[in-house]
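Starting from the given sequences, assemble the full structure and let the hints guide the process.
So the protein sequences, as listed, match chains X, L and P. The numbering of the first sequence is my numbering, which starts it at 1 and goes up by one. The numbering of the second sequence is my numbering, which starts it at 515 and goes up by one. The numbering of the third sequence is my numbering, which starts it at 612 and goes up by one.
Source of the hints: derived by calculation from the structure; they are not laboratory data. Hints are supplied without guarantee of correctness; some may be wrong.
Unchecked claim - Using 25 Å as the maximum straight-line C-alpha spacing, the simulated PhoX-like pairs for lysine-lysine come out as follows: (1) X:K325 to X:K272; (2) P:K698 to X:K479; (3) X:K408 to X:K294; (4) X:K485 to L:K580; (5) X:K40 to X:K231; (6) P:K653 to L:K580; (7) X:K142 to X:K162; (8) X:K483 to L:K520; (9) P:K653 to L:K520; (10) X:K90 to X:K272; (11) P:K712 to P:K730; (12) X:K427 to X:K485; (13) P:K846 to P:K856; (14) P:K856 to X:K294.
Unchecked claim - Selected chain L positions facing chain X (Cβ under 8 Å, derived; list incomplete): (15) S529; (16) P538; (17) R540; (18) G585.
What the hints assert, rightly or not - Just so you have them, the derived chain L footprint on chain P, three or more residues with Cβ under 8 Å: (19) 626-640; (20) 650-658; (21) 661-668; (22) 687-695.
Positions of the beta carbon are idealized from the N, C-alpha and C atoms, including for glycine.
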Amino acid sequence: MRNAIGRELPAHIEGYGHVRAFAGAFSPLPDMTRQAPRVKAARPGDCKLVNSLEEVFSRIPVRDGMTLSFHHHFRNGDGVVNQVLATASKLGIRDLTIALSSTFPVHAPMIDHIRSGVVTGLDTNYMSGPVADAVSRGILKKPVVLRTHGGRARAIECGQLKIDIAFIASPASDEYGNINGVEGPTACGSLGYAIPDAEYADCVVAVTDHLVEYPLSPVSIPQTRVDYIVKVDSIGDPKGIVSGTTRITKDPVGLKIADTAAKVIAASGLLKDGFSFQTGAGGASLAVAHFVRKMMEDREIKGSFALGGITGHMVEMLESGLFRKVIDVQGFDLEAVRSIKTNPNHIEVSAGFYASPFNSGCTVNQLDTVILGATEIDTDFNVNVVTGSTGVIMGGSGGHSDAAAGAKLTIVVANLLRGRLPIIMDKVLTATTPGETIDVLVTEHGVAVNPKREDLRDQLIVAGLPVRDILELKELAEKIAGKPKDIPTNDRVVAIVEYRDGTVIDVVRQTTDR
Amino acid sequence: MADICKVIQSGTLESSDIMITISPARKDSGIFIELESNVAMQYGDAIRATINQTLAEFGVKNIQIKAVDRGALDCTIRARMLTALSRAGITLNGELF
Amino acid sequence: MDLRRTLLFIPGNNPGMLQNGGVLGADAVILDLEDAVAPLEKDSARILVAHALRNVDYGTCETVVRINPLDTFAHDDIATIVPCRPKALLIPKVQSAADIKVAVELMEKAERPGQEPVKIIALLETPRGLAEAYSIACADSRIVALALGAEDYTASIGAQRTSSGIEILTARSLVLNAAAAAGIQALDTPFTDANDETGLLADTQLARQLGFSGKLTINPRQIDIIHSVLNPDTKDISWAERVIKAIKVAAAEGSGVASLEGKMVDAPIVARAERILIMAQRVGLKGAAQ
Numbered sequence: 001m002r003n004a005i006g007r008e009l010p011a012h013i014e015g016y017g018h019v020r021a022f023a024g025a026f027s028p029l030p031d032m033t034r035q036a037p038r039v040k041a042a043r044p045g046d047c048k049l050v051n052s053l054e055e056v057f058s059r060i061p062v063r064d065g066m067t068l069s070f071h072h073h074f075r076n077g078d079g080v081v082n083q084v085l086a087t088a089s090k091l092g093i094r095d096l097t098i099a100l101s102s103t104f105p106v107h108a109p110m111i112d113h114i115r116s117g118v119v120t121g122l123d124t125n126y127m128s129g130p131v132a133d134a135v136s137r138g139i140l141k142k143p144v145v146l147r148t149h150g151g152r153a154r155a156i157e158c159g160q161l162k163i164d165i166a167f168i169a170s171p172a173s174d175e176y177g178n179i180n181g182v183e184g185p186t187a188c189g190s191l192g193y194a195i196p197d198a199e200y201a202d203c204v205v206a207v208t209d210h211l212v213e214y215p216l217s218p219v220s221i222p223q224t225r226v227d228y229i230v231k232v233d234s235i236g237d238p239k240g241i242v243s244g245t246t247r248i249t250k251d252p253v254g255l256k257i258a259d260t261a262a263k264v265i266a267a268s269g270l271l272k273d274g275f276s277f278q279t280g281a282g283g284a285s286l287a288v289a290h291f292v293r294k295m296m297e298d299r300e301i302k303g304s305f306a307l308g309g310i311t312g313h314m315v316e317m318l319e320s321g322l323f324r325k326v327i328d329v330q331g332f333d334l335e336a337v338r339s340i341k342t343n344p345n346h347i348e349v350s351a352g353f354y355a356s357p358f359n360s361g362c363t364v365n366q367l368d369t370v371i372l373g374a375t376e377i378d379t380d381f382n383v384n385v386v387t388g389s390t391g392v393i394m395g396g397s398g399g400h401s402d403a404a405a406g407a408k409l410t411i412v413v414a415n416l417l418r419g420r421l422p423i424i425m426d427k428v429l430t431a432t433t434p435g436e437t438i439d440v441l442v443t444e445h446g447v448a449v450n451p452k453r454e455d456l457r458d459q460l461i462v463a464g465l466p467v468r469d470i471l472e473l474k475e476l477a478e479k480i481a482g483k484p485k486d487i488p489t490n491d492r493v494v495a496i497v498e499y500r501d502g503t504v505i506d507v508v509r510q511t512t513d514r
Numbered sequence: 515m516a517d518i519c520k521v522i523q524s525g526t527l528e529s530s531d532i533m534i535t536i537s538p539a540r541k542d543s544g545i546f547i548e549l550e551s552n553v554a555m556q557y558g559d560a561i562r563a564t565i566n567q568t569l570a571e572f573g574v575k576n577i578q579i580k581a582v583d584r585g586a587l588d589c590t591i592r593a594r595m596l597t598a599l600s601r602a603g604i605t606l607n608g609e610l611f
Numbered sequence: 612m613d614l615r616r617t618l619l620f621i622p623g624n625n626p627g628m629l630q631n632g633g634v635l636g637a638d639a640v641i642l643d644l645e646d647a648v649a650p651l652e653k654d655s656a657r658i659l660v661a662h663a664l665r666n667v668d669y670g671t672c673e674t675v676v677r678i679n680p681l682d683t684f685a686h687d688d689i690a691t692i693v694p695c696r697p698k699a700l701l702i703p704k705v706q707s708a709a710d711i712k713v714a715v716e717l718m719e720k721a722e723r724p725g726q727e728p729v730k731i732i733a734l735l736e737t738p739r740g741l742a743e744a745y746s747i748a749c750a751d752s753r754i755v756a757l758a759l760g761a762e763d764y765t766a767s768i769g770a771q772r773t774s775s776g777i778e779i780l781t782a783r784s785l786v787l788n789a790a791a792a793a794g795i796q797a798l799d800t801p802f803t804d805a806n807d808e809t810g811l812l813a814d815t816q817l818a819r820q821l822g823f824s825g826k827l828t829i830n831p832r833q834i835d836i837i838h839s840v841l842n843p844d845t846k847d848i849s850w851a852e853r854v855i856k857a858i859k860v861a862a863a864e865g866s867g868v869a870s871l872e873g874k875m876v877d878a879p880i881v882a883r884a885e886r887i888l889i890m891a892q893r894v895g896l897k898g899a900a901q
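Take a look at the structure:
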């Protein structure tokens with residue numbers, strides 16, 4: 001069957017089930033209620049502190065076939081997933097589904113666990129490194145489920161993703177299970193991606209390397225939802241956790257694109273008092289933030305909030321009064337950690353608050369503009385952020401589809417040619433974010449506006465911006481570089497790309513040339 | 515009839531460039547191209563075609579080429595090929611086009 | 612009037628930069644075969660730049676090639692590059708009108724039948740070159756601009772290069788005067804600290820005050836700043852509009868003499884006003900040229 005953006009999908013996928021086809025970014029809400037986790041009781045004097053992961057495994061107990069969940073606030077410095085899986089392997093547990101919100105190179109040991117049958121399912125929002133390569137090659141029998149950040153929260157809350165045990169890497173915890181992310185040697189800032197897990201898992205285990213006296217405050221995850229606390233030597237490598245300062249791109253072409261994107265925002269009329277803004281942590285996005293900041297300073301604009309993915313650059317803008325608030329679902333560097341700890345205008349929010357489409361209002365709905373990247377974009381403005389130029393998985397939506405749907409003005413910044421590769425395709429290899437939610441593509445050779453936005457197109461032309469038809473830009477790229485040949489794939493589905501509402505927007509097929 | 519007598523290199527390993535290494539080949543052994551490219555899937559055939567076309571233009575029939583490509587455009591491939599051929603002693607007569 | 616507010620140097624042996632040169636927003640790109648290219652790679656760069664000129668679309672950017680000095684590789688450079696139709700050659704270390712004549716002879720030999728003559732920008736970097744500035748400027752009709760290369764020059768005269776630029780004031784003035792006398796453009800020396808935006812701003816403001824209409828540019832980050840200084844500002848544009856209006860009023864009244872704010876508006880003033888309005892229109896600022 002074909003879904004609403006014309007992608008060919010099987011009606012049923014082995015290891016996943018019935019496929020609900022993507023039917024538009026804002027298709028009608030199914031009739032449903034939230035799921036409910038098991039009720040617990042704790043007697044006075046009960047001790048939740050457990051001496052080791054092995055002990056926690058036997059106390060719960062962890063059984064074959066369970067779904068274990070983890071957050072990714074420690075990014076490539078995470079230590080908890082590997083420790084938990086090593087314990088599972090040691091105890092002979094098999095057939096686990098691992099629901100971790102993002103997968104990084106540090107998770108490479110998972111490949112052995114997949115080979116040995118400890119892990120048979122993976123549910124994640126972003127993948128890079130050896131695990132992503134292995135999945136692309138077909139190492140898992142069941143296809144990986146790729147979700148958006150908002151979609152994962154929705155799936156947990158509404159029951160599509162049932163978590164048996166949430167292992168929450170906790171920078172700081174007291175002995176009764178109050179957790180926050182702002183204290184301790186591995187402080188990471190906001191714990192936004194852990195909150196839905198904590199609220200809805202049947203069992204919640206805090207894994208910490210920094211146990212403090214009761215009661216901990218501030219409380220991000222409360223004791224009422226935490227069943228066990230395990231103290232380990234280290235929950236991760238602080239150097240890998242936060243990447244230090246993320247830098248603005250130095251590439252002159254990238255800077256030109258960023259400058260043009262800032263001019264698009266100005267021309268749209270959105271750059272006025274009360275302006276709100278989200279950008280990723282990549283070099284090109286940060287560059288746009290830099291140019292927007294200069295414009296705000298020049299025009300003395302007081303914004304309302306910055307959202308993300310928060311870096312020191314956003315913190316600077318908050319502290320210099322350019323924004324009244326920062327809404328933070330994840331900290332990207334130590335400055336973000338410092339600010340969230342000390343500044344009441346820097347707010348920690350859960351993944352659902354940030355981006356879930358099935359609640360009474362997520363923050364992306366309030367966004368004026370978001371700057372996004374892309375590995376590919378097609379002439380319908382559908383964007384690929386899942387597979388790279390060789391068809392291998394090297395990313396995932398993260399918050400991409402969510403922010404694109406919510407923002408008034410969604411801008412994709414990308415080089416028209418990356419090396420020799422044109423970024424505009426007839427059809428993207430893997431659709432992640434549907435074209436109806438993308439307003440503008442900014443490249444070094446011109447700006448393409450989604451035909452649905454005639455109003456915006458006129459504004460940009462009047463402002464003197466180099467507006468071109470997206471087909472024109474595609475042809476220009478192919479004239480310069482030659483037309484690229486398609487990546488060959490076979491029929492086997494290695495990953496399912498779910499849109500934020502749980503429908504399937506595309507699948508990733510195994511590449512043949514490996 | 516043009517033949518190569520020594521090992522010659524041109525180009526660099528920088529992004530958008532192509533490094534060409536040509537070595538002598540035995541008479542009548544033909545054209546042998548070893549290609550390594552980060553865009554092999556999308557442009558491998560096109561790169562080989564450009565290299566072959568350039569060789570044909572200058573009548574080179576026996577040569578061994580190793581090309582390490584980092585996304586070079588056709589005009590860059592041709593330029594680096596011409597530089598390598600020129601360094602190998604094939605005269606270009608100052609007229610490249 | 613040719614817009615040469617910024618002329619961005621692009622290393623001639625770097626394909627990635629050559630193919631992107633046209634999108635960075637400079638008025639001209641200088642594909643550099645000289646200082647940016649190691650001696651062993653001169654052939655490589657020459658062939659690459661030739662291909663770039665033939666295949667890369669530089670849009671509205673003027674394509675300039677800085678060849679090697681006339682006593683080194685210039686002959687091969689000119690023979691290979693000129694048939695590829697650059698708009699101009701930037702000739703370094705020009706010492707005298709005789710140098711220009713040598714270059715022109717080589718260029719004429721290399722040009723294809725029917726090819727538009729390639730222009731010349733003479734780069735003066737030596738005491739002798741500066742001493743001969745006017746005769747160089749007049750040496751051939753192909754010459755459209757004189758440019759100053761201050762780094763080598765200050766070393767030759769034993770001066771210290773400073774941020775105030777006082778040690779190159781005379782050199783700048785010589786270039787400006789010679790160019791003005793010959794009716795061609797004067798282009799200022801590059802500001803070499805790519806990280807110092809405040810310094811660039813001050814240096815460009817001084818250049819503008821002295822009379823330069825353009826500046827050699829060594830890094831894309833410098834482009835916007837230089838444009839912002841060299842563009843006519845709203846004060847200039849409104850002044851120029853008032854001048855033109857005064858002329859029209861005088862003509863309508865049948866008066867031979869126009870005046871503005873008590874001052875007589877004579878030919879050089881009108882010419883300056885017209886240049887400002889043409890430039891304003893060219894760079895997309897408000898104000899139409901009459």
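Tested hints:
Taking the CA atoms of K325 (chain X) and K272 (chain X), the gap is near 16 Å; set against the 25 Å cutoff, the hint holds. Among the hinted pairs, K698 (chain P) with K479 (chain X) is consistent with the structure: their alpha-carbon atoms are about 23 Å apart, no more than 25 Å. Proposed proximity of K408 (chain X) and K294 (chain X) is supported: the alpha carbons are some 21 Å apart, at most 25 Å. The suggested pairing of K485 (chain X) with K580 (chain L) holds, with an alpha-carbon distance near 22 Å, which does not exceed 25 Å.
For the proposed pair K40 (chain X) and K231 (chain X), the alpha carbon gap of about 22 Å is at most 25 Å, so the pair holds. A distance of roughly 22 Å separates the Cα atoms of K653 (chain P) and K580 (chain L); the hinted pair therefore holds under the 25 Å criterion. Between the alpha carbons of K142 (chain X) and K162 (chain X) the distance comes to roughly 17 Å, so the proposed pair stays at or under 25 Å and holds. Restraint check for K483 (chain X) and K520 (chain L): the C-alpha separation of about 35 Å exceeds 25 Å, so the hint is violated.
Restraint check for K653 (chain P) and K520 (chain L): the C-alpha separation of about 20 Å stays at or below 25 Å, so the hint holds. Using a Cα cut-off of 25 Å, the hinted pair K90 (chain X) and K272 (chain X) is violated, with the two alpha carbons roughly 58 Å apart. Proposed proximity of K712 (chain P) and K730 (chain P) is supported: the alpha carbons are some 13 Å apart, at most 25 Å. About 12 Å separates the Cα atoms of K427 (chain X) and K485 (chain X), which keeps this hinted pair within 25 Å; it holds.
This hinted pair checks out: K846 (chain P) and K856 (chain P) have alpha carbons roughly 15 Å apart, not beyond 25 Å. Restraint check for K856 (chain P) and K294 (chain X): the C-alpha separation of about 37 Å exceeds 25 Å, so the hint is violated. A least Cβ separation of about 6 Å between S529 (chain L) and chain X falls short of the 8 Å threshold, and the interface hint therefore holds. Below 8 Å, beta-carbon pairs count as interface contacts, and P538 (chain L) has none with chain X, the closest being about 30 Å; its hint is therefore violated.
At about 32 Å, the closest approach between the beta carbon of R540 (chain L) and any beta carbon in chain X exceeds 8 Å, and the interface hint on this residue is violated. At a threshold of 8 Å, the smallest CB-CB gap from G585 (chain L) to chain X is about 3 Å, leaving the interface hint in force. Note: the segment 626-640 of chain P has 3 residues with beta-carbon separation from chain L under 8 Å; the three-residue rule is met and the coverage holds. Residues of the segment 650-658 of chain P lying with their CB closer than 8 Å to a CB of chain L number 3, which satisfies the three-residue condition for coverage.
Only residues whose C-beta sits within less than 8 Å of a C-beta in chain L count toward coverage, and the segment 661-668 of chain P has 6 of them, enough to reach three; the restraint holds. Only residues whose beta carbon comes within less than 8 Å of a beta carbon in chain L count, and the segment 687-695 of chain P has 5; three or more means the coverage holds.
Hint violations for this structure: numbers 8, 10, 14, 16, 17, all remaining hints satisfied.
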